[in-house]
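Below, each chain spelled out in residue letters.
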Amino acid sequence: MNRVRTFLLASTLAVALPVSADIAVVVSPDSGVTTLTRSEAINIFMGRYRKLPNGDLALPIDQSTLKARFYRALVDKDLAEINSYWARLVFSGEASPPQQSDSAADVRQLITHNANALSYIDSASATDDMRVVLTLGE
Amino acid sequence: MSRLLLLLHTRLALRTTAIIVLIVALLGGLFLGVAVHLRAANVHKTQQVRLQELITTVERTAQIACFLGDERMAEEVSQGLLSNNIVNAVTIRASDGKVLATGRSGPEFGDTTIPLVVRDVASPFEPDQTVCRMTVEPDQEELDLMVAQASTFIGTALLLQLLGIGVCVTVVVARYVTRPIAELSHRLSELEAETGQKLQAPPGNRDDEIGTLVASVNVMIDNLVESLGQERRLRLEREVEERRYRAIFDNVEAGLFELDGEGLMRSANPAFRRLFGIDPDRNLDAEPIAFTTLAPSYATPGRIVDSGQRPRGHGERDERDESEERSERAGRGGPEKYAERAGDGERAGDGERAGDGERESDGGRKGISGREESGEREEQREYLCEVTHDGTPRWISLLVSPLETGRLQGVAHDVTERKRAAETAAQMAMTDSLTGLGNRRGFEHRLAVMTRHHRLYPDRRHALLMLDFDHFKQINDTYGHQAGDRVLLHAAATLSSLLRQRDYIARLGGDEFVVLLEGCDRRDEVVTLIQRFLHRLATPLALSEGEEARVRLGVSIGISTLGVDTEDPQQAVEFADRAMYAAKRAGRNTWRFYTPEFETT
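Just so you know, the protein sequences line up as chains Z and A, in that order. For what it's worth, this note's numbering labels the leading residue of the first sequence as 1, then goes sequentially. For what it's worth, this note's numbering labels the leading residue of the second sequence as 1001, then goes sequentially.
It is worth saying that the hints were derived from the structure and are not from the lab. In this text, all values refer to a predicted model and were calculated from it rather than measured experimentally. Every residue, glycine too, gets a C-beta built ideally from N, C-alpha and C. Do not rely on the hints blindly, as some may be mistaken.
Stated by the list, open to error - Reference listing, derived: stretches of chain Z covered by chain A, where coverage requires no fewer than 3 residues with Cβ under 8 Å from a Cβ of chain A:
| id | segment |
| --- | --- |
| 1 | 36–49 |
| 2 | 81–89 |
| 3 | 92–105 |
Claimed, not checked - For the chain A half of the interface with chain Z, some residues (derived, Cβ under 7 Å), not all of them:
| id | residue |
| --- | --- |
| 4 | 1067 |
| 5 | 1072 |
| 6 | 1073 |
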């Protein structure tokens, strides 16, 4: 099993290498939040908290191209596990998964237009119109 | 209950089983206690493990529920846990103190000793971060039930084992111990040991302890049979002996009898019965005869001590004196013993039976008794008694000797002939063949009796006359011895006719005579007697039929008186002798009384 896992990791790295490393959690520059801990990030993305540390409502957004890498970096789980997690919570209704976007452009769009929005991008492609509050090393 | 006790008491197998079962039960109880205790501890441990496993099963869901603070999901988890019967209560408490879910399936126990299972639940995404704490309370009832079940199982198993052991021990003991023993006992009871039969060990037991027992029993039987046979042989021998003895007892001429310690006759043979005139059919064992009625003078045999043992004469003891006294009272003239009466044997049958019994045989003189044995401790005694049951008096000697303690054996002999012969012989020995009077020996005998008598009754006087015929030698020389004898016969007859019954006359030898006048102390009586004698003697005597030759006899008489002149009979004889010579000196055919002056002249 470990071997498989190591192999997968290696192949992921091989794919990711050209795109360069880290993933940055970003918010709108208008947001009152300047920095986030990893734990706070987990709580928000995994549906535990609905508010940002400053008290504002949090609106996490998943980016499908980066989703696998992100959750691997954040909670060290693959997508199947994350999906299973959310599927379990569907019936209880207590929490809901982040909103889904298909590309980095959409994410940028959403971030810039919503001060409560919260998402992640490849740290290499980070721009000034969004604030990096947390960088997750892979 | 008592029946059971009786069974236990009488059945080896049951007793053994009961003891073994009791021991096993005690040990089993102990083991059961330990086992239940261990089992309880084990059950607790198992319970803990199971609870932990249960919690692990629901942990992921609980993680999520806690992570999200989702009470509904936490409730689901709680209910899931409670659906297990080993869970009594569940509490899920978030890290911030908020109770997300709590539930209880059974009653609440106040018991705080119940070990609770606690699990800190980590966040599903951050394993180092605790999001809540789950507390699970095990179901004590269920726990107890399990322990009870386990105990029941062990107990049942133990009971079954106990039963099994009991049955097995009973069967084994009954099969291998009780049955051989019972079989042996049965065979032993039917064994005819006399026929040489041996006890057979049950097959399979020949080499073990039961076989050894059988061998020992056989050895014992052998010994018993042998000693039994010996006993039987001895008994047979004894029976033969007894028959032999019985034949002797019944047919022997001598009378045989037995006395018990009280002097009662318990048995007597036919000869003895004939001797004493006892009914032959009389059962002596049932109607014993007192020995004293046969020998009347003696109260018990033990009193009789034969005087033959003692020196005769003046030193005799009182017993003899008593018997003499008794005979005196009975009217006897003198203290004679039968053997001393040779001179007057005709008196023996004069009807004075009371005195007869004491005429015991004097062994020293008669030589017919077993005197040699009398010196021993087990003294043999001899009695002589006179029996006149069939008209003629018989003399019977009874020889009694101890058989064992309290038993005496006696032999009776008819000694009448022997006694008569002895009496005749004694009488002959003491009789002058010519005159039929006493001779010197008879006189000495009488004098000895007199001595005793005088010692007993010193007041009595007795006159002693010594006679010597004058010139008798000339008659002999002139007319011959036959003529002399005729003269002596005449003189003796004349003298005898003048004397009383109890006086004694003896011819000492030649023409010398002696007369003892018993109880005579008056001189005038003596003188009268002498004068009458001289007077009768004065008549001339024809020396032979048809012859003219006649002789006149003269006699010189000396008189001494015992009790006056002297106390010693021998001396009285001497004194009379001297007085007689004094009479001769005085001119013959006269008499002289002894006076002390004779001593001086």
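Cross-check of the supplied hints:
For the segment 36–49 of chain Z, the assignment as covered by chain A holds, since 5 residues bring a beta-carbon within under 8 Å of that chain's beta-carbons and 3 suffice. Coverage of a stretch by a chain is defined here by at least three residues with a beta carbon nearer than 8 Å to that chain's beta carbons; for the segment 81–89 of chain Z and chain A the count is 3, and the condition holds. Against chain A, the segment 92–105 of chain Z contributes 3 residues with a C-beta closer than 8 Å to a partner C-beta. That satisfies the three-residue criterion, and the hint holds. Interface hint at residue 1067(A): satisfied, since its Cβ lies 6 Å from the closest Cβ of chain Z, which is below the 7 Å cut-off.
The beta carbon of residue 1072(A) is positioned within 7 Å of a beta carbon in chain Z (closest approach about 5 Å), and the interface hint is therefore held. For residue 1073(A), the interface hint holds, since its Cβ comes within 7 Å of a Cβ in chain Z; the closest pair sits about 5 Å apart.
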